[in-house]
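Visitor: Spelled out, the chains give:
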Amino acid sequence: MKLNKFVIGGLLILGAVVFLIANATTGSAQYFMTVDELMAKGPEVVDKNLRVSGAVIGDTIQYDPQTLTLTFEVAHVPADQAELEDEGGLAEALHEAVIDPSRARMTVVYVGVKPDLLRHEAQAIVTGSLGTDGYFHAEELLLKCPTRYEEAVPEQAGS
Amino acid sequence: MVAHFGFGILLISFFVTLYSAIAAAFSNPKVFARLFRSIPTSRTQRWANTLEKLDTPQRAASMVESARRAMLLTFPLITLSSVLLIYLLVNDHYEVQFVYEVTSRTMPTYLKVTAWWGGQAGSLLFWSWLMSAFASLVTLRRWDRDREFLPWVIFVSCFTLAFFVGMTTFYENPFKMFYQTSTGVEAYFFQPPNSVLFTPQDGNGLNPLLRHPGMVIHPPMLYLGFVSFVIPFAFAIAALVTGRTDDRWIRLTRRWALWAWLFLTLGLVLGGRWAYDVLGWGGYWGWDPVEIAAFMPWLTGTAFLHSVMIQEKRGMLKHWNMLLVILTYDLVIFGTFLTRSGVLSSVHAFAQSAIGPLFFTYIAITFIASVALVIYRWGSLKAETEMHSLLSREALFLFNNLLFMSILVVCFWGVIYPLTSELFTGAKVTVGPAFYERANGPLFAALLFLMGIAPLSAWGHSTLKTLGRAAWKPAVVAVLITAALYSFYTRNVSALVGFFLVAFVVLITLYEYWRGARARQKSQNENLFTALWNLTGRDRRRYGGYIVHLSIALMAIGILGIELFQIETQGTLELNQKVSLGGYDMEYRDIARFTGPDGREVTRAVIGIYQNGQYLGDLYPRIDYYFDSQQSMTIPGQRATMKDDLYILLVNWEPASATGATFKIYVNPLVNWLWMGSLLFLTGIIIAAWPDKDPVHVAVRTNKQIREASAAD
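Chain order of the listed sequences is A and B.
With the working numbering, you'll find the first sequence wraps up at 159, consecutive numbering, no jumps.
With the working numbering, you'll find the second sequence wraps up at 872, consecutive numbering, no jumps.
Below, simulated DSBU-like cross-link-like pairs (lysine-lysine); rule was C-alpha separation at most 30 Å, straight line:
hint, chain 1, residue 1, chain 2, residue 2
1, A, K144, B, K335
2, A, K114, B, K587
3, B, K624, A, K5
4, B, K587, A, K48
5, B, K541, B, K189
6, B, K632, B, K802
7, B, K541, A, K5
8, B, K632, B, K472
9, A, K41, B, K587
To be clear, the hints were calculated from the coordinates, so they are not data collected in a lab.
Next up, chain B with everything else stripped away, as it sits in the complex (with noise of 0.2 Å):
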């Protein structure tokens, strides 16, 4: 009854969706009669004519209110049948395929909820939960100095939502019900004739892997990152369709843009969290292809960030952006596709499943016509004024862009290079993670590099000179930090370069700081720390954005310390045997096995961790088995500090056995500075995003600061 009732709210919801699309896009008939009067037969030009009468202003405007109050609604309706499906979840309606696939009666309540995103057919509806809620907070927003755009941006938005709510209505159903017919059980979305409703007695339950804390909220944050990329995108289409291509929807968007930068890094670290607690191969990211379709919307956002810097201060790059967000906007499209599909496996799965040809034709029709609306306005977006010194602020951004693209590139040839190398020459080619590292960590180091020197330089134009008048100081102290490394800690080269551009990043942007504080000290009479959160207050985007950059220098450490020092070790301990790692002696002194509270049986060590003689404390790495979906999970034991991770995984203990137990031992070097990184992204970003109190203050103000601040640079 209640899914049926589901269903039904789903069916209408899609209706309303569309409806809301096509309203908003028909209040503005002009735009296809323009398009029909293009095409020179009597028909298409009839058509327009009576496009044409259509078009007035009373009814544009009943039209977009219509469209706006349609919009409005899905976001309850979406609501209701989410609400639904967490009610079938959480009381074990398991006659419901999807709440059978998800959950079992040994789950406990709070991991029976968060199953809404555990398959595909519920987190496609979280999908359109998501972008339903964002689209309407967007609606509701002042429009009076935007009027045009907000048809436009109810059409992309509905547009998007209606894919979305479509797939989730008519192919991927969470609703489905088991019948059991002459010919077996089988899902359906109606009752078929002479069948019986079929209730399992229990579910299959959500995958043990994804029983994390990190996976309970990782999909959310991704997905929050994904849909709000949707809105810049929206803001875009509308800028393009309606011809104000000025920079109104770059400012419109930007805190969305950062925003949905936060969360999806706030993914993908989450994600690369999860699988260093939970996937027991004591690192955190695989270059698997799922990964990377997280990881390339990511890219082109990130380097639309900066690229839209350029385009509000010096009007150059607006193709560019536009390029930017609409290949970000299908990426993400592509990103939600693949990371839920789980038809990575061969591309032959890809074509079978029922939604891979919806979305790739999806995909195809929005980016092609994207495209085609910024080359019909191609002349509109020119640039205002020209790029004069390679070593401008402007010119440093512009490489910072290529260097992200080259990255993608890099990552989209490795996602299909086996189809390609298939293709052309017959033979079936892959290429793993030691490709991505190979190919993407000279581009990394350039990236580094780049942003260390780029807040240094003019906007306008550079020279080496002053360029290097600015940076001699850091460089200096950052070479003095990598010769004291080269003495005392490693020979690697590229460690060594690495560690370079680390300190140089972090000294440059301290010094920034520094400077920035002291000139106020001195203007203001202020004492360093009020000059500190004044200095950061005054310009939150660009002393935001430099805490980010602080923030992925750390990241970096932990990255080169796990990438290039992790050393390992594994073999069979008898009781009380020892073993040595990196500095640490560990004891196996108990093993035990015991059945867990939701139908699991786990099988726990004790290690004693000691260094140079002394105790530090005991480590617990464990197997869990899991009964209902028979699969164990390895959770490691891990001590972390600052200087390294000590990672223990039990691998293997046979009761019977008098062979002991088989360990496999990790020591990660440095990798907690990548979590501790991702704290201060967090706030970096809080910084720069954090909405202004009064923004019809503020958009005064910022006009006049925005001058200052070019004056100034």
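Chain A with its partners taken away, still in its complex shape (with noise of 0.2 Å):
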């Protein structure tokens, strides 16, 4: 009798938990996806919450500073480290990428503060959803640049 008030509200806690994480993962679960993938996908996966990653392509970013728009590429980069690493590391993929028109581009429309980071060859990782107007609408914009963190071994003097 004693124990089992306690077992069930144990129970009571536990499945709470269960229920606060099942509710809070599949309200706020995004999926990553390539643009490859992406573009395959298509209407299917308009308005949903997606994460995509590609290389920026320099000449594209335009930015109208009165209404905080920002708008550049991307191209496709594999999400797989082992392709990745076929390619010669992130680095050299974001510039195979950027350099090879047959490459699956996406337009990312982005209403905010440009960021330092964004440049040519630098990883974009946008998280929003693609439009009906077949733009990514991104709500959050992260960018790397590979090689500036990498540097661990100076430059060669000379020889």
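Using the hints, put the two standalone chains together into the complex.
Guide: Set out below in structure tokens:
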């Protein structure tokens, strides 16, 4: 009897926690996709909460400081680490993606402040959804410039 | 030369540490003899016989003494190699890889010194240094009553230390130097054949984001917290191995755990403050995996601090306390790894890093071995009394523990969810801050509620009636406050629930103080102030704890304010143009760009602030661009009051363009209560953890006091 009420109490808490986790997970899960996958799925994933990574094409960056509207294109980069390694690491893969005109590309629209790191061949990780207009409307924009953080070895002098 | 010397010292420290661990363990060969005895092969039986013959008191005593001296030697050794590293950092020895990575010529000297913990290799050395300092401190205490613990405390400390020193020596060595060979420049332990030393002109410099006072002291605080939690763990293991599983180990390490908790909390708060001041996104906590890694040991540590009281007072939850301290220890190791390794970008990077698998092996081994020990001693850890009432204080403490564990599970789930979903469904899915807020919000609320009622419940048995009698007055006042807030401030349900709970906790805690002081006033004939002072002094743990509860409530006000009521706007302003937000009017007055003293270019705007037409002063949001690391840093202009924070970021300004400058502006209501709360927190913990004046006397008195206290309760 005494044991029972503690067991019931514990189970209630456990149930509540499982519910909270399940509810919060389904409510805020974001699906990782590559530009290729997104283009292939197309209308199926319109308005779903997505997270897409791609290589920034420098020439396409446009920023209107009056409306704070930023648009740029990103080219497909593989998400799989092994594929990235085959292309010679992230920096090299980004470079390949940008110079290859046959790669799938996607236009990103972001309203907000233009980040300092947005530049040619940076990796953009955008969170948001694909609109019916075919543009990716980003709510969050993360940027990585892999070359800058891997300078453990200084440039060679002379020879 | 100096680098070689430092490397040599590090190598010696590693062997000394290893020796100390082994000597400490083998001072007690019968433990291993028993282990071998349990494996039924003739060879292991023979080993067991040999070990048993070695087990003489003289041998044991001399082995322990030898281990203790070796352990005491590690501190000067690691100090020496740290001093050598600092010498290299301060004197611009860029031929050393670590120095090249974390310092540059333009950095002021104090930053060069603190660059010690600015990179992975150095911070591992720093960790080891703290560990050896604490271990030495522990071995210097009086051991006469706890002789049997000593070898095992030394063993656990030195085992941990050996892992970290080994890691620093063989994998993440801060003394590696650059050599130029025919194939290029690379860092080596020793000079390779046909090579010359390569000295870069200047270093990379410490990441400018880390050049902030908060960031300078944040890692040491966090590490102090991490390392101090090793000591309770060492005593727990000693208790398990020796079979002295009463609450002696808990009493011995209570203060360690409190100080550890103090530093860990301070580290987390300082990290938040740094993010708020430096990262320029208007917040202080982003549920980033690195933050969660530091938060998880805090959760288990907090649960531990509460549940040990149940063991001391009621002799219950002994298994649970052991598991909590083990979990805390391994989360500390995990946190140390995650916060500095920079391998969080993906799981794959994780596996590729040289030290990742080592850390995981270490965590797995220590966890499995410790849990196995707990299972081995399961019988002797049985509870002395049973839990009867759902509302008794011990039951409420148990609920509090379950809630902390639930938050831990939520955090852990959030971190590993991308991995598991990829493994099982093939789809890469991640969860953001929204997940943590939605899942943890109700749990935090429940914790606040418990914080309110638990101090009112009695040990052993409480009913709704007794609790209600004690709580109804504060509850009524809290309802009135909430009603007032509903009419004048907000209609947001989460906010109202939150503010109600905060008011409830604050009122009950103050009421408890009041009742205690009144009782003293009557019985001892003291004035209210002396009564309060003496009340706190007599049971510092309890009343210090109440102050901590108050401070958490204050912090909750700040968190509710910024989470639920933050407002923001952004826009491009022409000179002398105005913008309004949250009752403030801001006028863009001036902007200038100039070169700062330490290799940065500063762009600084002047914003005039008005409220109701009244001029309040100027704010100077700015962007610092560091030439050597090609990185810019956005420093907000802040105006802090207890009501709200005005937080202005300069986002963009091109001198050539005529379009003006772009700003992002936040109004963060109540956020300063968070920082105020953390100061009060500090006070509370110091009251609870301050060492008693005379340990010999106190040992006698405490027993009497406890009896009095339990009689009173």
